[in-house]
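Position chain B relative to chain A; hints supplied.
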Amino acid sequence: MSDNSNFIIETSPQIKQSDSTKSVMWVVSLCLLPAGVWGVWIFGPRVITVILASVISAVAAEALMGYLAKRNTLMDGSAVLTGLLISYNMPPAIPLYIPVVASFFAIFVVKWTFGGLGGNFMNPALAGRVFVFFSWTGHMTRWTMPDALSGIDTVTTATPLGFLKSGLLDYTGTAVSPVSFLVETGYPHSTLDSGITAWFSNNLGLDFANGYVDMFLGNIPGSLGEVSVFLLLIGSIYLFARKIITWDIPVSYLLSFGILIWIFGGTRYTGGTYFSGDVVFHIFTGGIILGAVYMATDMVTSPLTGKGRIIFGIGLGFLTFLIRVYGSFPEGVSLAIILMNIFVPMINQYTKPKRFGIQIKRDTK
Amino acid sequence: MKVQNGKITGGYEFKQFLGQPESGLVVQEAPEYLFVPLCSASLGIKPLVRAGDKVKSGQIVWQDNDSISSPVHSPVNGVVKSVQKMNYLDDEILSLKIESASSEGWESVPGSGSEWNKLGKDEIEKILYLSGTSALGAEGIPTRFRTAVISPEEVKHIIVHYTFAEVYNPDISLFLDNGGARKFTEGLAVLAKIMDQAEIHIAVGINSSTWFQVIENALPEDLSVEYHRVKPKYPQNHDSVLLKTILNLDLPTSYSGMNRGVVIIGIQDVCQVYDAVVTGKPLVDRIIALGGPGFKDHSHRQVKIGTTVAAIATNNLSFDDPEDLRFINNSVLTGSTLSPESPIGRNSEVLVALEEKRGQELMFFARPGFGKDSYSNTFAAKFLPFTRKVSTNLNGEVRACLSCGFCQNVCPGGILPNILFPYVERKMLDETVIQYGIFKCIDCNLCSYVCPSKIPVASHLKEGKKELLSEAFVSEKDFINAYNLIGLGEATDEESE
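Chain order of the listed sequences is A and B. If you count the first sequence from 1, position 181 lands on 181 in the working numbering, and the numbers rise without skipping. In the working numbering, each number is its position in the second sequence, counted from 1, plus 1000.
Just chain A, same shape as in the assembly:
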């Protein structure tokens, strides 16, 4: 009973608002949940074991470190969120030891060697993901077709971005945009996609190529939690409404990325020109929405001021664009975010509010 004194305030302010670290983590996890359920739905029940493996190992790692550091940090919910984000960045068919290693690396090395929650300079989930990506690149790039498309290719395939990257290397065709390239080379799309595309074309007069609807809803191969842009956006609306995340990072990230893609994205194609990149395709594919809304906005590893966060977002947009369009990897969100995380102290240094207050003039003898 004596512990109860920890929960009341003795001095002014005599009241406290009801948000807590715990509730923030809980709300973010909750907003991520629909996208995970979608992953289970389209990639099959095995995905549940991947999610559970990462979450349980992250919590176990946190419990162990908390025990060693004699601090009870298990209940703050950050380990669950880290585990959840790691699993969302895994291919559905991943061997289970990989997310476990990623979770332990994230919690042990990235988070606790810097002092636990609040002390890490890099997003633990992404650092864990990048660690296992370079350790088991083969497993980390083996993708599964969603059930809706699996009539065409049952075992493994490439994500739209990966398909594009490898396909463009020796491409001599006439396509000048990613989607027309995919259509031309026979990349599959679902019957739902054809249906909706046709409906838009017939009823609203909006014509767009097959494939966009699949990308938006998440009927594409990819990491199990990143594919459904639609459900991730729904979660993010709640986060915005609750002010758990602010607009500056997602907006500046997506805007700068979109502008760069629009300017330079078309130049990778034979006969492509400037100012013709397909922005929608690049935003709907890969992990950019998951990254921009849920991972780049991590409070601990993003800059302190609004101006700093916009610089951070622009840096993310530039790096993601650079890696995706000119780099050797099909996908650059996780690398871009952890790279920009490293720049955060420097951004903070230059964007702190103007120094003000009293001017102290002293005699310096």
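Bear in mind the hints are in silico, worked out from the structure with no lab data behind them. Glycine is no exception: its CB is placed at the ideal position from the N, C-alpha and C atoms. You may find that some hints are simply not true.
As the list claims (entries may be wrong) - Pairs of lysine-lysine residues, derived as DSSO-like cross-links and limited to a Cα-Cα distance of at most 30 Å, are as follows: (1) B:Lys1389 <-> A:Lys243; (2) B:Lys1357 <-> A:Lys243; (3) B:Lys1007 <-> B:Lys1156; (4) B:Lys1357 <-> A:Lys70; (5) A:Lys352 <-> B:Lys1156; (6) B:Lys1007 <-> B:Lys1462; (7) B:Lys1477 <-> A:Lys352; (8) A:Lys243 <-> B:Lys1007; (9) A:Lys352 <-> B:Lys1466.
As the list claims (entries may be wrong) - Counterexamples of contact, computed for chain A against chain B with all Cβ distances above 12 Å: (10) His139; (11) Leu233; (12) Gly272.
As the list claims (entries may be wrong) - Some, not all, of what chain B presents toward chain A, calculated at C-beta under 10 Å: (13) Ser1339; (14) Thr1387; (15) Arg1388; (16) Asn1393; (17) Cys1451; (18) Pro1452.
Coordinates of chain B only, in the frame set by chain A:
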């Protein structure tokens, strides 16, 4: 009538809190015993009466001409029981225990009357001093009797404010309805006469700005007033924010508006100035608003000064055991805790009773929390019809700082509390901390309020400022020179001599 809009940076709007004071006034009978606060015990000035003396309502029982103070009156007719030390508002004070016989009438202040306009400045100041009303306002009303740190000639502005910035605010209509506006404006005229160099500003929260017209209609012809519509955002009622939004003046930490020649005063205070000068009523009672879910009836109380909290709370609590409650003076964000034996003082305006909630609710973090105030919910809550209940619960445990930026978003000083507090925590106090603006902190405590990690940020900042001053990184002189402060030079010179 021209109304200006004041702009506050940062701040936080407390909305839809349960247990708001309601209009309606109950005159509370004086209880059997009253404890009249006299002065700080360290000042040690004895009262003019002794135990066993009979006192009359309105009789001066304490007076000191050397320190900056105003006389204290007996609020009732009765007998002095004892002079005792007690803890009150984080200070040890001398108080007078008076057994009340009757609370009828009062001894009129000599010289007062409706013909006050014909009196000289010195005579009006004397009335204010003898009635004790010169003790009102944030830092007193300046007169030639050392009732404030500056003299009336040095006052450049008077700000009368009613900003609705706090969680629980008194009802403005009690003072302005039913001819109240006439009294209020005449009180203003009295103040304008003694502080003849001053411009008068009236600042009212946006949701009550219709009162401007009421005041304007009642205003004497020779009195000109500037009206300011301000946002009902905490801490708009703090000196430095009022100075910034209304006069665009900067004020460093821990100094009052008085140090820049600004008298800041409430509407009730002005009405009491009127009472003193026109009807000769000394400062014997106050109108107190009752706020917070701890009270059953939230109408205002007119109580004698020295009435204990317990006497006000009798038969009006929503809990059986008063131990489950916490009483707070004026503001839940900056006010001090009052024990049930504590009296109502001359500057009390609101009495808040909150539930003392211990322990944690089961799975509290997973609840949507509509019935509670949460920073992240403020946007969404505009569209939801829920009222919010507050208690003294921490709503979580102290955890590491996440750099979520809530504190910097609400900070009215525009500083980064989340950067500053670790410096204090690690005792790394030097000029860097000053350059990051630690002295722009105005002790509004909002950062502690919004922190989801429940870190006592504001206490850290307060401690840091104290350390810096005691280690002579900054001195009073630096502030006086940088901000053109007045009312301090004398004090520091005396110390050095």
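Evaluation of the provided hints:
1. B:Lys1389 <-> A:Lys243: holds (21 Å)
2. B:Lys1357 <-> A:Lys243: This hinted pair holds, its Cα atoms lying about 27 Å apart.
3. B:Lys1007 <-> B:Lys1156: holds (21 Å)
4. B:Lys1357 <-> A:Lys70: Distance ~28 Å between Lys1357 (chain B) and Lys70 (chain A) Cα, so the pair holds.
5. A:Lys352 <-> B:Lys1156: Judged against 30 Å, a Cα distance of about 35 Å means the pair is violated.
6. B:Lys1007 <-> B:Lys1462: holds (26 Å)
7. B:Lys1477 <-> A:Lys352: holds (28 Å)
8. A:Lys243 <-> B:Lys1007: holds (22 Å)
9. A:Lys352 <-> B:Lys1466: holds (24 Å)
10. His139: holds (33 Å)
11. Leu233: Check passes; 17 Å lies beyond 12 Å.
12. Gly272: holds (41 Å)
13. Ser1339: violated (14 Å)
14. Thr1387: The hint is violated - Thr1387 (chain B) has no Cβ within 10 Å of chain A, the shortest such distance being about 14 Å.
15. Arg1388: holds (9 Å)
16. Asn1393: Nearest chain A Cβ about 6 Å off; hint holds.
17. Cys1451: holds (8 Å)
18. Pro1452: holds (4 Å)
Hint violations for this structure: numbers 5, 13, 14, all remaining hints satisfied.
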